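Chain order of the listed sequences is H and E.
If you read the first sequence in my numbering, its first letter stands for residue 1, the second for the next number, and so on.
If you read the second sequence in my numbering, its first letter stands for residue 356, the second for the next number, and so on.
For the record, the hints were derived by calculation from the structure and aren't laboratory data.
Worth double-checking, as some hints may not be accurate.
Claimed, not checked - Each computed EDC-like pair below joins lysine to aspartate or glutamate, with the alpha-carbon atoms no more than 20 Å apart:
(1) 435(E) to 377(E)
(2) 361(E) to 385(E)
(3) 361(E) to 426(E)
(4) 435(E) to 213(H)
(5) 229(H) to 295(H)
(6) 229(H) to 316(H)
(7) 229(H) to 373(E)
(8) 435(E) to 267(H)
(9) 435(E) to 295(H)
(10) 361(E) to 420(E)
What the hints assert, rightly or not - Which chain H residues stay away from chain E? Per the calculated CB distances, all over 10 Å, these:
(11) 145
(12) 176
(13) 285
(14) 326
Quantities reported herein were computed from a predicted structural model and do not represent experimental measurements.
Even glycine gets a Cβ: it sits at the ideal position worked out from N, Cα and C.
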Amino acid sequence: MADLTPPWALLAEVTHACPLHCPYCSNPLELTRRSAELAAAEWARVFEEAAGLGVVQAHISGGEPLLRPDLDEIVAGAHAAGVYSQLVTSGLRLTDERLASLRGLDSVQLSVQDARAADSDRIAGRPAFDAKHEAAAVIRRSGLPFGLNVVLHRHNLDHVDEIIDLALTWGAERLELANTQFYGWALRNRAALLPTRDQLAAAEQSIARRRAELDIVWVLPDYFTGAPKPCMGGWATRSLTVAPDGAVLPCPTARAVSGRPVPNVRESPLAWIWRESPLFTAYRGTDWMTGPCRECPRRHTDFGGCRCQAFELTGDAARTDPACTLSPDHGLILAALEAPAAGFVYRRPGAVPAT
Amino acid sequence: MRADWKPALPRAVTLRHDGVRDTDLLLMPERVVRLTGPAGAILRLCDGTRTADDIVMTLAARYPDAPIATEVPVFLQQIKEEGWLI
Numbered sequence: 001m002a003d004l005t006p007p008w009a010l011l012a013e014v015t016h017a018c019p020l021h022c023p024y025c026s027n028p029l030e031l032t033r034r035s036a037e038l039a040a041a042e043w044a045r046v047f048e049e050a051a052g053l054g055v056v057q058a059h060i061s062g063g064e065p066l067l068r069p070d071l072d073e074i075v076a077g078a079h080a081a082g083v084y085s086q087l088v089t090s091g092l093r094l095t096d097e098r099l100a101s102l103r104g105l106d107s108v109q110l111s112v113q114d115a116r117a118a119d120s121d122r123i124a125g126r127p128a129f130d131a132k133h134e135a136a137a138v139i140r141r142s143g144l145p146f147g148l149n150v151v152l153h154r155h156n157l158d159h160v161d162e163i164i165d166l167a168l169t170w171g172a173e174r175l176e177l178a179n180t181q182f183y184g185w186a187l188r189n190r191a192a193l194l195p196t197r198d199q200l201a202a203a204e205q206s207i208a209r210r211r212a213e214l215d216i217v218w219v220l221p222d223y224f225t226g227a228p229k230p231c232m233g234g235w236a237t238r239s240l241t242v243a244p245d246g247a248v249l250p251c252p253t254a255r256a257v258s259g260r261p262v263p264n265v266r267e268s269p270l271a272w273i274w275r276e277s278p279l280f281t282a283y284r285g286t287d288w289m290t291g292p293c294r295e296c297p298r299r300h301t302d303f304g305g306c307r308c309q310a311f312e313l314t315g316d317a318a319r320t321d322p323a324c325t326l327s328p329d330h331g332l333i334l335a336a337l338e339a340p341a342a343g344f345v346y347r348r349p350g351a352v353p354a355t
Numbered sequence: 356m357r358a359d360w361k362p363a364l365p366r367a368v369t370l371r372h373d374g375v376r377d378t379d380l381l382l383m384p385e386r387v388v389r390l391t392g393p394a395g396a397i398l399r400l401c402d403g404t405r406t407a408d409d410i411v412m413t414l415a416a417r418y419p420d421a422p423i424a425t426e427v428p429v430f431l432q433q434i435k436e437e438g439w440l441i
């Protein structure tokens, strides 16, 4: 059996509701209804159980967590469990009073879609930029650590310099430039979002030139490196996700991956889910590996890449991640890079029929 | 190192003991740093009220046989350069 380590981090998706419609969203195409969401008291129990397992950090995300009227109770639950909490928000409706009500919150990450209002709003699918600008001021006034997050793709990669300017103007201490990963809505919109190699190279140069100005996080996307990412630091190794309905997953996109039942905090203790549930043990370690991974010297470094990506692209989560040049399925990645660009399908409940 | 420097953790950095792993940690928005040896004990004294000299003296009294006077100032400076002390 694979070595079992305690998890470090919990992604708490407290709702799938969101005022934005970003076509790169990693939420599943079938969004959880509000009526199925865990209550604040259930979240408090989740944080307590998670802390007991070894979780020290929680990212309180969604959807848009501010749409939960009881977000203050949810944050208090994390704080009471001794877990460092970060709010991951679009910033819409964030006021000084609301942020002050989130007692025990440790940091805030604000998303923005591009450097200019019109471009940013076009990606968000609604006017949002001005509200985000105000939210940045609210976060600055609170004194909480402030990170800005921008998901990058074909439509904003040419604006990286302006995005860095924006982060400095808005007073962020840290800028996460996250190249789109193709899951959920982003996979549906892949042809609209995939950048070109030239765009990535130019962005990388800008970032290298300006690293001294700001703490910038940037990773080249796996579609372009030929090497799979060490996804999540290995399946069910470092962190876990709790979805709005209490489903517990090794990563936010793992719901359909293995065909194994999805455990739920309403039915099972988190410790059992982490240590023993069929979903969490499915791809832990290296015993499950197939194809070129089995003998690969990098198998303890990249863990065979991403199980969700293997599943989404090949239908079999145990295959080598097609992002790897050694994968027999690598042609799927190369073909996607050659595909003509397409328009956005915005993230809206029901926008894509369930299959 | 300035004589009047009173090291303190910045607001973004939280020091806590992790009972599950029996180790001290620095927690930050996107990062966890696992502290080894006496690092946690030293940083626990960095509360913004003590100068670096005070911290050295306190630790020297606690651990008379350890090379506190030479190693602790270097450690504090290294941690400051990482951005985990102000």
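Checked hints:
{"no.": "1", "hint": "435(E) to 377(E)", "verdict": "25 Å, violated"}
{"no.": "2", "hint": "361(E) to 385(E)", "verdict": "26 Å, violated"}
{"no.": "3", "hint": "361(E) to 426(E)", "verdict": "17 Å, holds"}
{"no.": "4", "hint": "435(E) to 213(H)", "verdict": "18 Å, holds"}
{"no.": "5", "hint": "229(H) to 295(H)", "verdict": "18 Å, holds"}
{"no.": "6", "hint": "229(H) to 316(H)", "verdict": "18 Å, holds"}
{"no.": "7", "hint": "229(H) to 373(E)", "verdict": "29 Å, violated"}
{"no.": "8", "hint": "435(E) to 267(H)", "verdict": "46 Å, violated"}
{"no.": "9", "hint": "435(E) to 295(H)", "verdict": "43 Å, violated"}
{"no.": "10", "hint": "361(E) to 420(E)", "verdict": "25 Å, violated"}
{"no.": "11", "hint": "145", "verdict": "4 Å, violated"}
{"no.": "12", "hint": "176", "verdict": "7 Å, violated"}
{"no.": "13", "hint": "285", "verdict": "20 Å, holds"}
{"no.": "14", "hint": "326", "verdict": "31 Å, holds"}
Violation of the numbered hints given earlier is confined to hints 1, 2, 7, 8, 9, 10, 11 and 12; the remaining hints are satisfied by the structure.
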